[in-house]
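Visitor: What follows is each chain in one-letter form.
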Amino acid sequence: MSAPGDRRGAGHAAPQAAAPLLEVDGLSAAYGAVQALTEVSLQVMPGEIVTLIGANGAGKSTLLMTLCGEPKPRAGRVVLAGEDITGAPTHAIMRRGVAQSPEGRRVFPRMTVRENLLMGAEALTREDPTPQLERVFALFPRLKERLAQRGGTLSGGEQQMLAIGRALMSKPRLLLLDEPSLGLAPLVVKQIFEAIRALNAETGLTVLLVEQNAFQALRLAHRGYVLVNGRITMAGTSQDLLARPEIRAAYLGGH
Amino acid sequence: MAYALQQLINGISLGMIYGLIAVGYTMVYGIIGMINFAHGDVFMVGAFIALITALLLTAGGVLAGPAGILVMLLAAMAVTALYGWTAERVAYRPLRGSFRLAPLITAIGLSIVLQNFVQVSQGARPKPTGTLLPGGWEVMRQDGFVVQFAYTQMLIIGITLAVLAVFTVLVTRTPLGRAMRACEQDRKMAALLGIDTDRTISLTFVIGAALAAVAGTMYLLRYGVIDFYIGFLAGVKAFTAAVLGGIGSLPGAVLGGLLIGLIETFWSAYFSVQYKDVAAFSILVLTLIFLPTGLLGRQEVEKV
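Chains V and D are the protein sequences, given in the same order. Per this note's numbering, residue 1401 is the first one in the first sequence, and the count goes up by one each step. Per this note's numbering, residue 13 is the first one in the second sequence, and the count goes up by one each step.
Just chain D, with the same shape it has in the complex (with noise of 0.2 Å):
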């Protein structure tokens, strides 16, 4: 009881982090029909550049508690958003309206620039950071079992809701929402409406990023250890909950990344560790036999 309860505070943090990248997936998706591959690798960028700001704030013997986060949080998503809309104007924008498949080998490439420029640049090795906000609550006990609720998990848990909800007010009452809605389902229209369809585009890359930067910072506050290579394994975790919530569904990608979170924690905890990653990818396989809409996507036809 006590076990499952520890997994089950695990499995909902760890969800929140594919929720938050899987965001990034299903909106690009949604408004311009592409898999973004080195949306995984703007997660890892996210996780180093608040990384390298911790670092410069503790030498600056400044890092203290909340604030200090704040910095990291903020620095991230700032470097993360002009990495999007850079990516998108100088890489994806010139290929709209190209064959299908080729944004998509764009972004395979960008993925690979961003992995080795990270690893020449910041090294291979994993950089091990410490705990920067360590203990926890003590839940309950049981036969000598803690379950603890870690600061960090709190720290998680609460930033995603809040992240999550601004964004659903952004998405749902703000003009650039708006925009964003009437470019997802019928771009030609949206621009004859006057809406600047190549600006609502840029954005939707920018707030990805920044998302995708959110989940990093949270990621390095929980467990400690990046590497250049965490985008892969992170981005395509967090591709399966978008497609298992149904691809273009905001709710749909968080749901799908608690659900995977969820899945991958709970088959550690009483299958096998060594296979948990066999056990989220199979879910990609068995939603796309089974389930192609997701759970909360809709029927559709392929667009062409």
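The following block holds chain V by itself, in its conformation from the complex (with noise of 0.2 Å):
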């Protein structure tokens, strides 16, 4: 099982430009004395879905999170548009244009769905957040329903649509979602799986989607790799992984 630094993934399905919006390289990361990335390297492509599936405890969330500045990377380099910024404070890098739902959904627990979503166009500086918070009504309509409720009263769907609307209320460029299916029915993750995809369809959102849930993941996705144990083992595109037996076995549970 190994394809490592496949990072070309030949015949993606999804629009291609020259430049990778998102290019991780050699990154290694580790929580205090325990490693739990290792010379990881991808690279996300502007409007396409990317997922990094992999199990529980493979250093899915804190690929995600070290992207997202915190934890320092231990070495490697992460480049944003052709920016470098390995090292940068957590907040300047959301205020380049990243976004995240984190694993936990984190959802502001005494405050409004309002409040919770105007949180998430703090990055927009001085820009009016009406327009976008429509949207994402658009999007999820049941979040206007519970405007004026506190976050922490919501349903986990209902947490989890907050959490992806408040990250799309800074109109990121790039979006990183961590384990939306988590604990949700087969129903609201089928809600959330098509709300990611129209989003993507219709306004080209690039989408780095982390998941346990492989074979969801990746019918949604173009492109994917595998994680285990903070290395990455595999590339490809979706129907590619899709149809490896390893993946089968491994991810898949038979499916």
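If you're looking for bench data, these hints aren't it; they were derived computationally from the structure. It is possible that part of the hints are untrue.
[Unchecked claim] Negatives, chain V to chain D, calculated, CB over 12 Å:
hint: 1; residue: Glu1423
hint: 2; residue: Ala1499
hint: 3; residue: Pro1586
hint: 4; residue: Gly1604
hint: 5; residue: Asp1640
[Said to hold, decoys possible] The calculated lysine-lysine pairs, modelled on DSS-like cross-linking and capped at a C-alpha distance of 30 Å, are:
hint: 6; chain 1: V; residue 1: Lys1590; chain 2: D; residue 2: Lys200
hint: 7; chain 1: V; residue 1: Lys1472; chain 2: D; residue 2: Lys139
hint: 8; chain 1: V; residue 1: Lys1571; chain 2: V; residue 2: Lys1544
hint: 9; chain 1: D; residue 1: Lys139; chain 2: V; residue 2: Lys1544
hint: 10; chain 1: D; residue 1: Lys200; chain 2: V; residue 2: Lys1571
hint: 11; chain 1: V; residue 1: Lys1590; chain 2: V; residue 2: Lys1472
hint: 12; chain 1: V; residue 1: Lys1590; chain 2: V; residue 2: Lys1571
hint: 13; chain 1: V; residue 1: Lys1590; chain 2: V; residue 2: Lys1544
[Claimed, not checked] Take a look, some chain D residues computed to stay more than 12 Å from chain V by CB distance:
hint: 14; residue: Pro78
hint: 15; residue: Trp149
hint: 16; residue: Leu167
hint: 17; residue: Ile207
hint: 18; residue: Phe244
Ideal Cβ placement from N, Cα and C applies to all residues, glycine included.
Fit chain to chain and form the complex, with the hints in mind.
Guide: If you want it as structure tokens, here you go:
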């Protein structure tokens, strides 16, 4: 099981531009003494949905957090739209067009849905957030019904919609999604994945999706990477990965 | 009746001072989960800066009524704000992410530093200032007992309400206030939304210290005697107020301050002046036993 560094990812179905929006090169990171990521390299092209699949504890969430500047990488480079953002503070990275819907959703529990969404627009300095708010409501009408309710009182699915909606409020170029399907009913998962697909198709939003639910994720994404113990072990187009027997055995549970 | 009314006036003005200090405790706790035990000494330093400013103004022959008091207030706020920023930067920030007790011990250390610095530089003896703002309004007279609403008390209540009004607008309506509330609820997420959390924490210390300086200035104007040790007792009482109101809750801090001020005043008036501190601290003990989340606090699992 090896195809590390397959960074060309032959046969994309996604629209391609010359330069990658996100380029990660030889990234290593650790939490204290625990090595979490080892020489991870990957690319995300503008307009692509790329998924990162792997078992629990493989380092998927750590990778997303490292891209956002916390923990700081021990080695390697992160380049966003040609600009080296390695080691930049989190808030500065997020103000350069990156947004994350993190693991565990992290909705502000004592703020209303509206306040949560407006917090997402913090990075849009001095810009009226209303049009973006309307776009989020169009995507997740449920949030509009819950506008005055506190974040902590929402159901899991609604919190996930809120977390994604909040991330979209800053009009990101690159959306990082951490396990949006975790703990949700299949119908809700379908709704959320449908929304991501629609966003990508209609606005060309670039998405890096971390998922344990490999089958769903690969069906949504154009390309995928497999992370095992902090290392990329496989890369390829989604069809390619879905067809590989080792993937089917390890992640797809015989789908 | 008249006697009780007088105690009510005294209690409210004392409670306002405690409330202002308590807000600083509760803000810092809310945002980084630390009890800033040096906060009472910031109040003391504020009072000293106000006193020094008053002496300089008098020496220059320009201390005149409201303008002089305003200058004292601004000078005290500016110096303590600078102190708050520096202390956070130098003493607390390097310990963030360290074990929970580390910043607490540091705060106690800073408290000792501040007290001793003022003791050495200003002398240990109490500093009587005389009355900077004498007189008051005679509210009523009953059986020879005169109820007086002193000008200093009006000033305390007026300035505290004004400062709290500005502060409330700041917290609820401005980007800084939103950033503070976001950091308080989930600092990591706040950073993921583009908020500079270090800056937000710095400003929280700065605002808390400036509010303590307002309290210090008011204390100086009202009681006219200060020494290097006043911060300890005032600090512990304001901490009691913050716990009583519900640590982390801003309205709770003000409410707790008022209650502690009233309890202490009425206890002194009707039972025993000697035991007034016992009364205040009994409230702390009772609150911690029977109402650990305070009056306006929320039920919460201990943050780790």
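Visitor: Give a verdict on every hint.
Guide: Hint by hint, here is what the structure shows:
1. Glu1423: Per Cβ check, glutamate 1423(V) is outside 12 Å of chain D; nearest 21 Å; holds.
2. Ala1499: At roughly 8 Å from the nearest Cβ of chain D, alanine 1499(V) sits no farther out than 12 Å, so the non-interface label is violated.
3. Pro1586: holds (27 Å)
4. Gly1604: Non-interface label stands for glycine 1604(V): nearest chain D Cβ at 22 Å, farther than 12 Å.
5. Asp1640: holds (32 Å)
6. Lys1590(V) / Lys200(D): holds (28 Å)
7. Lys1472(V) / Lys139(D): Between lysine 1472(V) and lysine 139(D) the Cα gap is close to 52 Å, so the pair fails against 30 Å, i.e. violated.
8. Lys1571(V) / Lys1544(V): holds (19 Å)
9. Lys139(D) / Lys1544(V): violated (61 Å)
10. Lys200(D) / Lys1571(V): With Cα atoms ~20 Å apart, lysine 200(D) and lysine 1571(V) stay inside 30 Å; holds.
11. Lys1590(V) / Lys1472(V): Violated - the C-alpha atoms of lysine 1472(V) and lysine 1590(V) are around 34 Å apart, more than 30 Å.
12. Lys1590(V) / Lys1571(V): This hinted pair holds, its Cα atoms lying about 23 Å apart.
13. Lys1590(V) / Lys1544(V): Status holds; Cα separation ~20 Å.
14. Pro78: Given a closest Cβ separation of 37 Å, the condition holds.
15. Trp149: holds (42 Å)
16. Leu167: Holds, since 35 Å exceeds 12 Å.
17. Ile207: At roughly 6 Å from the nearest Cβ of chain V, isoleucine 207(D) sits no farther out than 12 Å, so the non-interface label is violated.
18. Phe244: holds (33 Å)
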